[in-house]
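Asks: For the record, the sequence lines run as chains P and Y. The first sequence begins at 1 in our numbering and counts up by one. The second sequence begins at 1 in our numbering and counts up by one.
These are computed hints drawn from the structure, not numbers from a lab. Take these hints with a grain of salt, some might be off.
Rough simulated footprint, nothing fancy, chain P against chain Y, three-plus residues with beta-carbon under 8 Å [unchecked claim]:
| no. | region |
| --- | --- |
| 1 | 109-120 |
| 2 | 286-296 |
| 3 | 309-320 |
Cβ-Cβ distance ranges computed for the label pairs, FRET-style [what the hints assert, rightly or not]:
| no. | chain 1 | residue 1 | chain 2 | residue 2 | range |
| --- | --- | --- | --- | --- | --- |
| 4 | Y | L99 | P | A352 | 20 to 28 Å |
| 5 | Y | P383 | P | P90 | 50 to 58 Å |
| 6 | P | G229 | Y | P339 | 33 to 41 Å |
| 7 | Y | L43 | P | D215 | 54 to 62 Å |
| 8 | P | C272 | Y | R421 | 37 to 45 Å |
| 9 | P | G410 | Y | P90 | 42 to 50 Å |
| 10 | P | G229 | Y | R471 | 35 to 43 Å |
| 11 | Y | H474 | P | E132 | 38 to 46 Å |
| 12 | Y | S20 | P | P405 | 33 to 41 Å |
| 13 | Y | P350 | P | T91 | 18 to 26 Å |
| 14 | Y | D215 | P | G229 | 37 to 45 Å |
| 15 | Y | H474 | P | C272 | 24 to 32 Å |
| 16 | P | D212 | Y | R421 | 39 to 47 Å |
Every residue gets a Cβ at the ideal spot worked out from N, C-alpha and C, and that includes glycine.
Each chain, written out:
Number of protein chains: 2
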Amino acid sequence: MNKTRHPTSSDLAGFFKPKSIAIIGVSRSVSSFGGMSFLNHFLKAGYPGTIYPINPRADDVQGIRAYPDLASLPEIPDLVMIAIQAPAVPTILEECGRLGIRYIHILSAGFSELGTEEGAILEKRVASIAAEHNLLIMGPNCMGPYCPAAKVTAWGAIPGKDGGLGIISQSGGITQRLTEQVSSLGVGVSKAASIGNAAVLDSPDYLEYMADDDDIDVIAMYLESVRDGRRLFELAQGATPRKPIVLLKGGQTQVGAATVASHTGSMAGNQCLWNAFFEQTGVTPVSCMNEWADAILAFSSLPETAGDGVFIIGGGGGNSVIFSDGAVREGLTVPSLSPESMEVIRPMVPVAGSIAGNPLDLWETFVNGDRLCDLLDVAYRDPHVHMVIVDRLIPRIAFHSAEMPDPTPGIIDFIRTCDKRKPTVFTIDYDGGDLELNAQGAALRCRFCEAGIPAYPSFERAIRALAHFQRYHHRLQKRTSRNQSFSEGA
Amino acid sequence: MNKTRHPTSSDLAGFFKPKSIAIIGVSRSVSSFGGMSFLNHFLKAGYPGTIYPINPRADDVQGIRAYPDLASLPEIPDLVMIAIQAPAVPTILEECGRLGIRYIHILSAGFSELGTEEGAILEKRVASIAAEHNLLIMGPNCMGPYCPAAKVTAWGAIPGKDGGLGIISQSGGITQRLTEQVSSLGVGVSKAASIGNAAVLDSPDYLEYMADDDDIDVIAMYLESVRDGRRLFELAQGATPRKPIVLLKGGQTQVGAATVASHTGSMAGNQCLWNAFFEQTGVTPVSCMNEWADAILAFSSLPETAGDGVFIIGGGGGNSVIFSDGAVREGLTVPSLSPESMEVIRPMVPVAGSIAGNPLDLWETFVNGDRLCDLLDVAYRDPHVHMVIVDRLIPRIAFHSAEMPDPTPGIIDFIRTCDKRKPTVFTIDYDGGDLELNAQGAALRCRFCEAGIPAYPSFERAIRALAHFQRYHHRLQKRTSRNQSFSEGA
Chain P
1 MNKTRHPTSS
11 DLAGFFKPKS
21 IAIIGVSRSV
31 SSFGGMSFLN
41 HFLKAGYPGT
51 IYPINPRADD
61 VQGIRAYPDL
71 ASLPEIPDLV
81 MIAIQAPAVP
91 TILEECGRLG
101 IRYIHILSAG
111 FSELGTEEGA
121 ILEKRVASIA
131 AEHNLLIMGP
141 NCMGPYCPAA
151 KVTAWGAIPG
161 KDGGLGIISQ
171 SGGITQRLTE
181 QVSSLGVGVS
191 KAASIGNAAV
201 LDSPDYLEYM
211 ADDDDIDVIA
221 MYLESVRDGR
231 RLFELAQGAT
241 PRKPIVLLKG
251 GQTQVGAATV
261 ASHTGSMAGN
271 QCLWNAFFEQ
281 TGVTPVSCMN
291 EWADAILAFS
301 SLPETAGDGV
311 FIIGGGGGNS
321 VIFSDGAVRE
331 GLTVPSLSPE
341 SMEVIRPMVP
351 VAGSIAGNPL
361 DLWETFVNGD
371 RLCDLLDVAY
381 RDPHVHMVIV
391 DRLIPRIAFH
401 SAEMPDPTPG
411 IIDFIRTCDK
421 RKPTVFTIDY
431 DGGDLELNAQ
441 GAALRCRFCE
451 AGIPAYPSFE
461 RAIRALAHFQ
471 RYHHRLQKRT
481 SRNQSFSEGA
Chain Y
1 MNKTRHPTSS
11 DLAGFFKPKS
21 IAIIGVSRSV
31 SSFGGMSFLN
41 HFLKAGYPGT
51 IYPINPRADD
61 VQGIRAYPDL
71 ASLPEIPDLV
81 MIAIQAPAVP
91 TILEECGRLG
101 IRYIHILSAG
111 FSELGTEEGA
121 ILEKRVASIA
131 AEHNLLIMGP
141 NCMGPYCPAA
151 KVTAWGAIPG
161 KDGGLGIISQ
171 SGGITQRLTE
181 QVSSLGVGVS
191 KAASIGNAAV
201 LDSPDYLEYM
211 ADDDDIDVIA
221 MYLESVRDGR
231 RLFELAQGAT
241 PRKPIVLLKG
251 GQTQVGAATV
261 ASHTGSMAGN
271 QCLWNAFFEQ
281 TGVTPVSCMN
291 EWADAILAFS
301 SLPETAGDGV
311 FIIGGGGGNS
321 VIFSDGAVRE
331 GLTVPSLSPE
341 SMEVIRPMVP
351 VAGSIAGNPL
361 DLWETFVNGD
371 RLCDLLDVAY
381 RDPHVHMVIV
391 DRLIPRIAFH
401 SAEMPDPTPG
411 IIDFIRTCDK
421 RKPTVFTIDY
431 DGGDLELNAQ
441 GAALRCRFCE
451 AGIPAYPSFE
461 RAIRALAHFQ
471 RYHHRLQKRT
481 SRNQSFSEGA
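Next comes chain P alone, as it looks inside the complex:
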């Protein structure tokens, strides 16, 4: 395998903005997964470049002129997508090499992930042809490149949303969900690479590229394995001071690791080593899809935090108790407000049935937007408060509250225009079966998210995201102050 020579960053850019794409293996069945469904999705997304379907038994496919093979094309395509049976892949790669095609995505499965000798040999053959011809190969067994700015969106959110997120993933399915989830909540994707078995280009190659890409602010990774762990470690350590990396590591348990072997044909590695990796690189570890997306939302939207003190604004004594417990369990603090803040707050809060302080239990915050903005203003001035989490309610018949004008526009406007703004997130829960309430909850979350203010479906998810966010900034600040003392001392 190509152990020593790594592609340069500029090399990988070619995957994401190809002007022409040849798709090999466009079966005639419209419903089946493969070259044809990729072709259809490119058409749906309005990909502006040229698509060359390769099919020796058809003159055109979906109204697009088809060619019998790569050699017959009128030009050398920027990118080739291979979606044929695995055993036929090496022959195509040899042809790519001969024609001078460099960028290749192998969609096909049937390599080392089968767990057979035949599959392993086939995958080694892919790597050796790549080394021989200097081919840049994404895959096999993966969805390939994704880039909304170039409308290279044959999977994931379609047509997708351009933005600052970079994704490197050994699971196409998870990455499809991630791009959809974050895009619909206002966080666009710059580039995603679904890298599958990573037989040639591996996660460190993509990480090196995305760490240097100025269009990317936050990097999300889903990894099951890595060949050159040391290189991943060094690249991650070098990248985290510049941009956060949020890593969902698959195969952290024995059963998960066994499943990894069937999925991408790789070894998931030792969990202790991965723990050390997180500890020493400052990469943010998450363990499921929602935790991944939630952290990304926080990293992509919030201004830096100066500390771990959360001000919890909501209503309901039980919630205030449970939320406080939850915040502390996540490693954050729920500090007492400053005497100055308490002086402002006390007159706002009834003595009975509410709690003036942190957490703040004041039912009025749910219905009176101005009152909430007053409280946010207090929080943004209070030196003990570094982040704010606001619990919102959707109206329910069970609650004893009157109808009021919609306070949301005023709240959003206040936060967006406030120059003292500290990281502020909202929670709007609804997980019951009333479809109308469910729709109200989702719509309200959406309004905040689209305004760049993260809104989560539960306090627990919100506080976990804030905790990840705070730990990243805390590490950065420690590092900066260490460097400063060092240079002052020197």
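Since the structure of chain P is already known, use the hints to place chain Y on it.
Replies: Positioned in the frame of chain P, the structure of chain Y alone reads:
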């Protein structure tokens, strides 16, 4: 305080099915929280008994004849709800005692939760009047009784759904949300008691009552504190072999405990003691609202499980890896299927791009209901499998799948009519901002839940609920087998 004399179980029944209710403190402001909003909610819910508004300055309230005081009523009301300023409460209680009224709910706040000497003295006064007159008092500082079968639903889900859940809670707000959440997902409530500061009747009194109530199958508790911990312990230990108890304990951290003091004026207690409580009683510990509702859904709907082996059916290799990790982290196992099962399954699963085994990665399960039922049938026969978790997808443009007829009715029908059925739950996630997809996800979860098949919005929530469920049954089975060996040995 009434330390020695405990009310009998039959005593407490009177709170939940009163034929007449007097409400004291019906202010004229329609929008404010208090007696008036309770009155309005009783009217909305269609409470069939007689309501007596008590207001010395009005002849009628909302078209209902009002009375100046309790003594003027034409009968002794079954239940009195007090919603006046705290300092005026003792006088009313004395009057109740004189008139022979026994069941009293004190809605009013302003007692020990204020943290003032005055508040503490007032609460002691409530307790001593109760002891003197043998009054049964729910509260103060709480929402009181709730019983959908009797339409005593002035808070919580309105009109609510009758069912097998009993709730004992020191937070009205949390309990409102819980009744709404579970009722809308097909799990009805038999009786709920929002007990607030619990100055007279405390959680052990309600637990003793609900443990003996045959209409109640599952007990949910939210507690911040308890005066007689030993009695709670013994009652819980006696109850768990008959019905599961799911306890959300507030104030598990220092900040949470400080908030408890402001909320219900009590001491949250030592966390180590509570851990021992859970360990030794078999009460299920949860730490947030959704975990509470999710566990209740599992306990209320699923048949007993014979072990900890989960069969994970879904699609996507990455998901299969993450789900396996998640199940093992929750203390469950993901066993290999029996050779007989593998023989049936192998021909169903393509060699490349899928995983035949446990977890099962087979895209076809999402679109082909018959295929999913075949797999469930295999799971229900396989001795290694004790529970099944099925990941469902809602269609998204990012996925490469064709439209198919709706497989859900066939799946629900198969599970409901299968006599070998093992505990089976579904996960249908969608947390993005696309409102149509969000609605589809919620509607699909609802369809399963209404059919008595729990469906959760994430795998993590589903597996946590199954883990709670399995630990409860495991403990029961250990206990039974220990008792059997003992009687065989004797």
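Asks: Hints first: check each against the structure and report whether it holds.
Replies: Here's how the hints hold up against the structure:
Restraint check on the region 109-120 of chain Y versus chain P: 4 residues with Cβ-Cβ distances below 8 Å, three needed, restraint holds. For the region 286-296 of chain Y, the assignment as covered by chain P holds, since 5 residues bring a beta-carbon within under 8 Å of that chain's beta-carbons and 3 suffice. Three residues within the 8 Å Cβ limit are the bar, and the region 309-320 of chain Y against chain P gives 6, so the coverage statement holds. As the Cβ distance of L99 of chain Y to A352 of chain P is approximately 27 Å, the hint placing it in 20 to 28 Å holds.
The hinted window of 50 to 58 Å between P383 of chain Y and P90 of chain P is violated, with their beta carbons roughly 44 Å apart. Evaluation of the 33 to 41 Å hint for G229 of chain P and P339 of chain Y yields a pass: the beta carbon distance comes to about 37 Å. Separated by about 60 Å at the C-beta atoms, L43 of chain Y and D215 of chain P satisfy the suggested range of 54 to 62 Å. For the pair C272 of chain P and R421 of chain Y, the supplied restraint of 37 to 45 Å holds, since their beta-carbon distance comes to about 41 Å.
Restraint check, G410 of chain P to P90 of chain Y: a C-beta distance of roughly 43 Å satisfies the suggested window 42 to 50 Å. With their beta carbons about 36 Å apart, G229 of chain P and R471 of chain Y fall inside the hinted range of 35 to 43 Å. Separation of H474 of chain Y from E132 of chain P is about 57 Å and departs from the stated range, judged on CB atoms against 38 to 46 Å. Separated by about 39 Å at the C-beta atoms, S20 of chain Y and P405 of chain P satisfy the suggested range of 33 to 41 Å.
Range check, P350 of chain Y to T91 of chain P: Cβ separation about 22 Å, and the 18 to 26 Å hint holds. Distance hint for D215 of chain Y and G229 of chain P: a CB-CB separation of about 59 Å, inconsistent with the stated range 37 to 45 Å. Taking the beta carbon of each, H474 of chain Y and C272 of chain P are about 29 Å apart, inside 24 to 32 Å as hinted. Checked against the given bound of 39 to 47 Å, the beta carbons of D212 of chain P and R421 of chain Y, roughly 55 Å apart, lie outside it.
This entry does not satisfy hints 5, 11, 14, 16, going by the numbered hints stated previously.
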